[in-house]
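Participant: Sequence:
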Amino acid sequence: MAAVIISSQLQAQEDTTARSLNEVVVTATKSSIKQSQTGKVITVIDRATLDRSMGKDLSQLLTEQAGLVVNGATSNPGKDKSVFLRGAKNDYTVILINGLPVTDPSGVTGAFDLRMLPIDQIERIEIVKGAQSTLYGSNAVAGVINIITRKGGGKAAQLTGNFSAGSYNSYKANLGLSGSADKLSYSIGFIHNESDGISEAKDTLPAKTYDKDGFNQNGVYVNMDGEVLPGLHIKPWFRYNRFKGGYDNGAFSDDASRYSASLLSAGAAAQWNFTNGSVVAQYGYDEINRNYFSATYNSNSLFEGTSKIAELYATYKLSEHFKLLAGIDHRRQTSTDSNAHITSPYLSIFAQNLFVQGLNIEAGGRYNNHSRYGDNFTYSFNPSFLIKEKVKIFANLATAFRAPALTELYGPFGSNPDLKPEKSTTYEGGVQTQLGLLDLRAVYFNRHTKNVIIYGPAFSYINLDKQKDHGFEIEPTLQINKNLQVKMYYAFVDGDVTTKVNGKDTSYFNLLRRPKHTFGLTANYQLTKHLFVSTNIYNYGKRTDIFFNNTTFTSSPVELGSYLLWNFYAEYAFIPNRLKAFVDVKNILDKDYYEVYGYGTQGLNLMGGIQFKL
1 MAAVIISSQL QAQEDTTARS LNEVVVTATK SSIKQSQTGK VITVIDRATL
51 DRSMGKDLSQ LLTEQAGLVV NGATSNPGKD KSVFLRGAKN DYTVILINGL
101 PVTDPSGVTG AFDLRMLPID QIERIEIVKG AQSTLYGSNA VAGVINIITR
151 KGGGKAAQLT GNFSAGSYNS YKANLGLSGS ADKLSYSIGF IHNESDGISE
201 AKDTLPAKTY DKDGFNQNGV YVNMDGEVLP GLHIKPWFRY NRFKGGYDNG
251 AFSDDASRYS ASLLSAGAAA QWNFTNGSVV AQYGYDEINR NYFSATYNSN
301 SLFEGTSKIA ELYATYKLSE HFKLLAGIDH RRQTSTDSNA HITSPYLSIF
351 AQNLFVQGLN IEAGGRYNNH SRYGDNFTYS FNPSFLIKEK VKIFANLATA
401 FRAPALTELY GPFGSNPDLK PEKSTTYEGG VQTQLGLLDL RAVYFNRHTK
451 NVIIYGPAFS YINLDKQKDH GFEIEPTLQI NKNLQVKMYY AFVDGDVTTK
501 VNGKDTSYFN LLRRPKHTFG LTANYQLTKH LFVSTNIYNY GKRTDIFFNN
551 TTFTSSPVEL GSYLLWNFYA EYAFIPNRLK AFVDVKNILD KDYYEVYGYG
601 TQGLNLMGGI QFKL
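Under my numbering, think of the first position of the sequence shown as 1, with each following residue one higher.
By construction, these hints were calculated from the structure, which means they are not laboratory data.
A couple of the hints might just be wrong.
Stated by the list, open to error - Below are the PhoX-like pairs computed for lysine-lysine, each with C-alpha atoms no more than 25 Å apart in a straight line:
#1 Lys468 x Lys420
#2 Lys504 x Lys423
#3 Lys516 x Lys542
#4 Lys487 x Lys542
#5 Lys423 x Lys542
#6 Lys504 x Lys466
#7 Lys500 x Lys466
#8 Lys516 x Lys208
All values derive from a computational prediction rather than experimental measurement.
Could you put together the complete structure from these sequences and hints?
Facilitator: See the structure below:
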């Protein structure tokens, strides 16, 4: 693949009142840039928010963001999760860890399992919405979620920890050691999570005899950064997480089945910084092993996969007005009996101060060469206009693609080696303001996808359907005073698929388990130097699901009702920034609802504990 991005921008003066517009992000352009200088739609979850989310898991934190629904986030704690960004299906969003894509080649669609990354290992999250294949390749149809892990620095050595307990006999422990010595910084940690959980399947029996489906998770991580020569940094990393638990036979159907999964990630980056730019070389290796034991059939199913990526890129400031980014990457995925790879040179050019004050333009293209299906091309065009550092108007036109997963190309059930990539085009426009008392972002999007891969009537994967989705997001934030903030969002998404029925095109709504309407409100209040409280309300609209009957082996559509969740969080800092206690109460109204038809959800529940830094 090759990529070309041209950007022209003016005036990046510092304005302390434009806090979010002046926040520096790295995911939008693969290099540091202020939000005011890019027209892309970016949501940042910072360290402070993560520190106040120790009573949650990653899926519960993500599903609180505008336009992002994680199905399964409030079901049984150990249940699998699906990321629906702007109504797109799970495999249309790329998960990045420190800028490198992570996937599960052994899975049906190759999507990454969010359960494999504990929230305790995370320093920061950047969510970039819209088609991002020009920068991040396959599957970046709806956007990317970049999870940036904890790093060392600062004190010579600092011990951090979190111990908490709560409903369903849930326990969490996290210990970390970070710091720096001479020209070496490091971050090392261990996490343990466990819960008895609830029955994964909805228990409708009067006696409530379904067993609980608990889980147990352990993980370690190591991140290091050493300056071996002036300006030259070597950054190795290692992560290992093991997750095991129980699952049921299906909707309303109890079972004693078990599963286990492990993720090993290792790699290193070398970064050389010089006066006018930098050079980065990095390699990442991910190995996933999953084992399922079905109590119903008394059988084991083992799935294994590896993913490798090597990348070399350089940025160079040619002059006051031009900056160049050039690189090459190679990605290879392997499952039990199959593999595929992509090799990718790319080039980006950023031009500044060329036209009028405040104008920023990014344009890019990417050429993709796949070992099985051959070639395809993606592009993006992203102008934005910044008015007095307070108001940003932006638009996006971008294409994206999803390469067929290994199981679709070579798997044991209906594979088709002649599949072509799914291709999409996204149109987007909006405005973002930073006015002090009121901040606002409003965005409209429209996404068209063709060559959608389906499991066809001949029991084989084929390219057939066309998908059209559209929607909008409105995100106002009120900074009432320095201690009180109110954040809100309303998101709408609608879509339909066009498929062949008796040789004719037929269209119908198909965003299963995805609400058309979502609403969120969060109020944060620093009551005193020591006491912080927060409450939030989330409303999810009606959804459609498909119920498969294990007895009759038939499927039928069902409507899932809307529901409202009210949560509350409080923390008391005995020693500010050193020692605090917290409590996180969810579903205060004890609502009973479905995320997936026939599967249980958590009622009133809480987690409480302590955090410390020594």
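Participant: Take the hints in turn and mark each one as holding or not.
Facilitator: Hints versus structure:
no., hint, result
1, Lys468 x Lys420, "19 Å, holds"
2, Lys504 x Lys423, "22 Å, holds"
3, Lys516 x Lys542, "7 Å, holds"
4, Lys487 x Lys542, "23 Å, holds"
5, Lys423 x Lys542, "29 Å, violated"
6, Lys504 x Lys466, "13 Å, holds"
7, Lys500 x Lys466, "10 Å, holds"
8, Lys516 x Lys208, "33 Å, violated"
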